[in-house]
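J.: Sequence:
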Amino acid sequence: MKIKTLNSTDTDFYQTLSGKLQTDDITDDNLIPYVNEIINNVKKNGDSALIDYCLKFDNLKIDKKENLEIQHQELQNAWNKISGEQQQALETAKDRIEKYAKKQKLKSWQYDESDGSKLGQKITAIESIGLYVPGGKAAYPSSVLMNAIPAKVAGVGELIMVVPTPNNERNNLVLAAAFLCQVDRVFCVGGAQAIAALSYGTDTIPKVDKIVGPGNIYVATAKKLLFGTVGIDMIAGPSEILIISDGTTNPDWIAMDLFSQAEHDEKAQSILICPEDNYMAKVKQSIDKLIKTMPRAQIIKKSLNDRGLFIKCQNLDDACKIANFVAAEHLEISTKNPAELVDKIQNAGAIFMGSYSAEVFGDYVAGPNHVLPTSGTARFSSALGVYDFQKRTSIINLSKTGAKKLSTTAITLAEGEGLAAHAESARYRLK
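Letter 14 of the sequence shown, counting from 1, is numbered 1291 in the working numbering, and no numbers are missing.
Warning: the hint list may mix true and false statements.
[Stated by the list, open to error] No more than 20 Å apart at the CA atoms, straight line, and that leaves these computed lysine-lysine pairs for PhoX-like:
{"hint": "1", "residue 1": "Lys1569", "residue 2": "Lys1320"}
{"hint": "2", "residue 1": "Lys1297", "residue 2": "Lys1320"}
{"hint": "3", "residue 1": "Lys1384", "residue 2": "Lys1320"}
{"hint": "4", "residue 1": "Lys1579", "residue 2": "Lys1566"}
{"hint": "5", "residue 1": "Lys1598", "residue 2": "Lys1621"}
{"hint": "6", "residue 1": "Lys1279", "residue 2": "Lys1487"}
Just so you know, these hints were derived from the structure itself, not from any lab.
The task is simple: from the sequences and hints, build the whole structure.
T.: Set out below in structure tokens:
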């Protein structure tokens, strides 16, 4: 396998690295007219348009609009159909994700001023959330857990899930996860049409305030176009992992961690940064050895050949500098003393410390959310959390004395901006 190798001492290193990090747009401007047509059709024709799209895109015949909804009994039946081992796995993951999420929950606060005024912040949950879950054979129950649990912890009033069921294939693990997480309603629609339905509402599908969850390029484009009509979580790109290694971790482990992202998508990116040439050579040997055992070997090979990177750094401080430049979705610090480096990291979606903290644990069961910023957006974005399902409202309760004390300042600033009514509003409080 021919994985590109860079050296941080090269004069054009960061320019070359920047070029290697670039990928195709997460959304496609060429799709905008097509996706807009779908959105406008759903906005105008509602359930009728959804039924047509179910047949067109998913080969799913819906004879009446009520059958767009997957009934609660079917969710419970799905739970009963999965194995005891799968039930236990979902419950364990749910408990750990929920425990972590509860630590994130924001609380209202207030403070009193000496003149009797009170200032504060009121925290309220978003009333309704739409959860998009990929469907069919590529079904991800972990997406249900990671999106539904923080919403429930936040106190969201209604959680509406949409999941495509091509050829009427309904994944029991996905539906069981929805049952376990107490998702309120589930509908068998997907694609841009599902995003439109959640944004505008139909006779059957309620309008929501915010949409979360991953999807294909049509879903991402629809979310981008409808942002403002509805809130969205983020527009996520291909999965990424960056591993900083000092050469002390078993190279087979590193190879498999690189595989774990590469198998997602041919556009996924896996990067190893290490100061040791000999160790990187050993990891390459492990890759060549282990790739033969992988069911998704062709996807992994293309991902690593097209977008994989091995970076020779000068030292671990240099590795941290490079990691901050990349701002990867997942960052493993696979070193003997990861705590010495973690404070030097500013940009990463999630940090996995030490050789035992494989990224896979974050995907499923560690507790922190696996919905993370990609494509360098970890420079200004964070993991999905309870706070994404909460709103912050400022509270201003001025006493008579407080209003008089602030009036002079308010009048001066308002007049400076040429806003006479503003100034008079404050001046009236002086009378």
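J.: Within a Cα-Cα threshold of 20 Å, do lysine 1279 and lysine 1487 meet the stated pairing?
T.: Not OK: lysine 1279 and lysine 1487 at ~43 Å, beyond 20 Å, violated.
J.: Lysine 1598 and lysine 1621 were given as a pair; does the straight-line alpha-carbon distance stay at or below 20 Å?
T.: Judged against 20 Å, a Cα distance of about 8 Å means the pair holds.
J.: Hinted pair, alpha-carbon criterion (20 Å max): lysine 1569, lysine 1320. Please report holds or violated.
T.: violated (49 Å)
J.: For a C-alpha distance cap of 20 Å, please report whether lysine 1384 and lysine 1320 respect it.
T.: Distance of about 37 Å is beyond 20 Å: violated.
J.: Compare the distance between the alpha carbons of lysine 1297 and lysine 1320 with 20 Å, and conclude whether the hinted pair is satisfied.
T.: Violated, because 40 Å separates the two Cα atoms, which is more than 20 Å.
J.: For the pair supplied as a hint, lysine 1579 and lysine 1566, is the alpha-carbon distance within the 20 Å limit?
T.: holds (16 Å)
Violated hints, listed in ascending order, are 1, 2, 3 and 6; each of the other numbered hints is respected by the structure.
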